[in-house]
Each structure stands twice: as C-alpha cells, then as structure tokens.
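Asks: Here the sequence shown is numbered in this note's numbering, starting from 109 and rising by one per residue.
Derived by calculation from the structure, the hints in this document are not laboratory data. Treat the hints with caution; some may be incorrect.
Claimed, not checked - Each pair of labels, with its calculated beta carbon distance range:
#1 N203 <-> D161: 15 to 25 Å
#2 R259 <-> S152: 18 to 28 Å
#3 I238 <-> T195: 21 to 31 Å
#4 N225 <-> N261: 16 to 26 Å
In this text, a Cβ means the ideal position worked out from N, Cα and C, and glycines have one as well.
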Amino acid sequence: MILSSKASGGSQRSAHRITCGLVAALLGLVVLLHAAPGRLDAQSTATLRLELDATTLALGQTYKVYITVENASAVMGVDIDGTFDATTFDVVVANPGQPIQSLDLIKAEQVDANTVNNAAGTFRWRIRQIFPSPPFSGSGRIAVFQIRPKRLNAATPLALSAVALKNEAGADLPAVSSPIMLAVAVTGQGSSATTPSPVSNAAATLTVPTPTATPTPPTASPTRGPLTTPSVAVVASATATRGASSTAGPTLTPTPTITGTSVRPAPATQTPLPGASARGSAPAPTDRLPAGTSTPDTQAPLATAAIGGDTPVAATPVTTGTPDASGLGLALVIVGAAGWWAFSREGRSKRTHP
Numbered sequence: 109m110i111l112s113s114k115a116s117g118g119s120q121r122s123a124h125r126i127t128c129g130l131v132a133a134l135l136g137l138v139v140l141l142h143a144a145p146g147r148l149d150a151q152s153t154a155t156l157r158l159e160l161d162a163t164t165l166a167l168g169q170t171y172k173v174y175i176t177v178e179n180a181s182a183v184m185g186v187d188i189d190g191t192f193d194a195t196t197f198d199v200v201v202a203n204p205g206q207p208i209q210s211l212d213l214i215k216a217e218q219v220d221a222n223t224v225n226n227a228a229g230t231f232r233w234r235i236r237q238i239f240p241s242p243p244f245s246g247s248g249r250i251a252v253f254q255i256r257p258k259r260l261n262a263a264t265p266l267a268l269s270a271v272a273l274k275n276e277a278g279a280d281l282p283a284v285s286s287p288i289m290l291a292v293a294v295t296g297q298g299s300s301a302t303t304p305s306p307v308s309n310a311a312a313t314l315t316v317p318t319p320t321a322t323p324t325p326p327t328a329s330p331t332r333g334p335l336t337t338p339s340v341a342v343v344a345s346a347t348a349t350r351g352a353s354s355t356a357g358p359t360l361t362p363t364p365t366i367t368g369t370s371v372r373p374a375p376a377t378q379t380p381l382p383g384a385s386a387r388g389s390a391p392a393p394t395d396r397l398p399a400g401t402s403t404p405d406t407q408a409p410l411a412t413a414a415i416g417g418d419t420p421v422a423a424t425p426v427t428t429g430t431p432d433a434s435g436l437g438l439a440l441v442i443v444g445a446a447g448w449w450a451f452s453r454e455g456r457s458k459r460t461h462p
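Start from the sequences, fold in the hints, and give me the full structure.
Replies: Next comes the structure, spelled out in structure tokens:
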C-alpha cells in the first residue's frame with residue numbers, strides 16, 4: 109500500500125515536469141518565430157545612389173541631386189561621404205549650415221556632420237534618429253542637395269565614396285553605394301544678366317516755338333448809365349495824314365464814337381374789367397404803411413377786383429388774436445365762487461327763518 113502511494117506521487121511529479129518543459133519549448137518557439145523576420149531582413153544589403161533631376165545642365169542654373177536608398181531594413185542612422193569635380197560645379201548651400209537637407213524618411217534628429225568643401229570637391233552627411241522614432245525600412249529619397257555648373261565639360265564624376273547604415277544599437281548594416289557615377293554633361297549657356305547699353309552724353313536740344321503776335325482790334329465798351337435800353341452806334345471818322353516823305357498814301361485812323369439813346373418804358377396803366385364802374389378803381393399800391401398804424405398779428409390786405417357791375421369794396425384787415433385764457437378762467441372761478449356763496453347763504457337764511 110505504501111509502495112503504491114509512492115509510485116503514484118512520482119508519476120504526478122514527472123507529469124508536472126513534462127508539462128513545464130512543453131510550455132517552455134512553446135514559448136521559445138514563439139520567440140524564435142517573432143525574431144526570425146528581423147534577422148532575415150538584417151541579412152539583406154541596402155544600396156545608396158545619387159539621382160539628378162535633369163540630364164543636360166546649363167551654366168548658371170541650379171539643379172537638385174537626391175540621395176536614394178533601396179532595400180533598407182530597420183535603419184536608424186546614415187553615414188555618407190561624397191566627391192565631385194570642383195572645377196565643373198559647386199554645391200549650393202541653400203540654408204546656412206545645412207547644405208544637405210533630410211527628407212524625413214530617416215529623420216535628422218541628431219546631426220553629427222553636414223558639411224561641403226567646394227575647393228576640395230567633397231561633402232559629408234551623418235545623421236541619427238532618436239527613440240521613439242521608428243526605424244526606416246524600404247526604399248526612397250532620404251536627402252537632397254543642389255549643384256550649380258560653372259564650366260563646360262563633356263562628362264564629370266559625381267559619386268558617393270563611402271556609405272554606412274546604422275541600426276538601433278548603432279551597429280553597421282550591410283550597405284553599398286551604386287558603382288555608377290553620374291555623367292553630367294554641361295552644355296549650352298544659361299540665362300545671363302542683361303548688360304545695359306552705354307548712354308552717350310549728347311546735349312539735349314530744346315526747341316521752343318516762336319509765338320506769333322495777332323493784333324486784336326479795339327472793342328467798344330459802353331459805359332453803364334441810367335439808360336434803360338442803350339443803343340450803341342459806332343461811327344468811324346477817318347483822318348488823312350500826309351507825311352513829307354510818305355509814298356504809301358493817306359493813313360486812316362478809325363475813331364469809334366458811342367452815341368446812346370435813352371428809351372424809357374411806358375407807365376403801367378390799369379385797365380378795369382368790362383362793366384366795372386370808374387368809381388371802383390383801386391388806389392395805386394404803395395410800399396409804405398400809413399403813419400401811426402400798428403399791424404400786430406394781421407394778415408396781408410386782400411386784393412380787390414371789380415366783377416360784373418358791382419362796385420369793388422376794399423378789403424378790411426382781419427385781426428387775429430388769441431384771448432387770454434388765464435384771465436377768462438380766473439373770471440369764471442370768481443363768478444362761480446360768488447354764486448355758490450350767495451346760494452349757500454340764501455339756504456342758511458331759509459333754514460334759520462322758516
């Protein structure tokens with residue numbers, strides 16, 4: 109009995125150990141499967157090369173050169189060295205201190221080098237991403253810089269001399285640069301500044317037109333007087349003057365003479381209407397009021413006219429005035445009070461003496 113219990117306990121412990129071993133093996137397999145793609149990708153080799161946005165270059169113009177990566181895997185940093193023919197073109201520094209600009213596929217969060225030497229024909233670009241920025245995998249343009257041709261040349265080299273890609277730990281990833289160098293054909297003449305033509309110091313000639321005098325005959329201007337309607341008559345009288353050595357004949361000098369004739373208008377005559385009596389003629393209007401006459405708050409005199417055979421009657425001015433309301437009201441109050449007092453007194457006397 110005791111032996112059987114010991115055997116059963118040992119079998120249980122063995123089963124427990126087997127179960128723990130299987131679980132550990134499964135966990136290890138999962139970890140290996142998860143890490144396998146990264147190890148496989150790490151074994152691929154990335155390629156870096158240069159791309160130019162034009163095939164034919166002109167002097168004085170600016171062109172972009174792109175740094176491109178292909179088949180990158182988990183890249184967190186880039187180290188690039190390049191060379192170019194310094195006698196054929198220069199690298200243009202668009203932003204001070206940043207001749208090579210990142211295009212953010214691999215972010216330049218830490219810049220270790222970004223320089224160019226146009227005298228030696230070299231450039232260097234070393235940048236790093238910082239966690240938590242994710243590593244870059246794939247292909248695309250990672251940076252750009254600009255060049256400007258300055259000399260005619262059939263072909264010139266522009267290449268990457270050394271390249272390196274870095275992972276999260278800072279270790280190098282397999283990478284190569286493209287062995288093909290750019291054959292940049294620099295031909296033609298670009299846009300040039302226009303040279304102004306010299307201007308001669310010729311003296312300017314100012315031509316002033318000669319005015320021509322035109323004689324204007326005198327105009328008779330009559331003097332305004334008390335004449336109502338002046339009529340002007342111009343009579344020219346000629347005076348002949350013979351000089352001692354004159355051969356052109358007599359000279360006539362016109363002398364205008366102004367004669368005015370006063371024309372007065374006829375006095376206005378009032379004509380009565382047909383059938384009106386002579387006695388109804390209205391007196392002539394006058395601009396003055398009779399002496400001693402006060403006209404407060406009056407209307408203008410009405411016009412008179414003889415109609416039919418009636419005798420015209422002169423209009424009488426109507427005085428318009430507003431009575432003093434306060435005085436009238438006071439009088440009514442006094443009269444009412446006196447009446448009420450008399451009425452009440454009569455009533456009291458009747459009650460006293462029935």
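Asks: With reference to the structure, classify each hint as holding or not holding.
Replies: Results of checking the hints against the structure:
1. For N203 and D161, the hinted distance range of 15 to 25 Å is satisfied, since their beta carbons lie about 19 Å from each other.
2. Look at R259 against S152: about 41 Å separates their beta carbons, and that is not inside 18 to 28 Å.
3. Taking the beta carbon of each, I238 and T195 are about 39 Å apart, not inside 21 to 31 Å as hinted.
4. The hint said 16 to 26 Å for the Cβ distance between N225 and N261, and at roughly 20 Å that hint holds.
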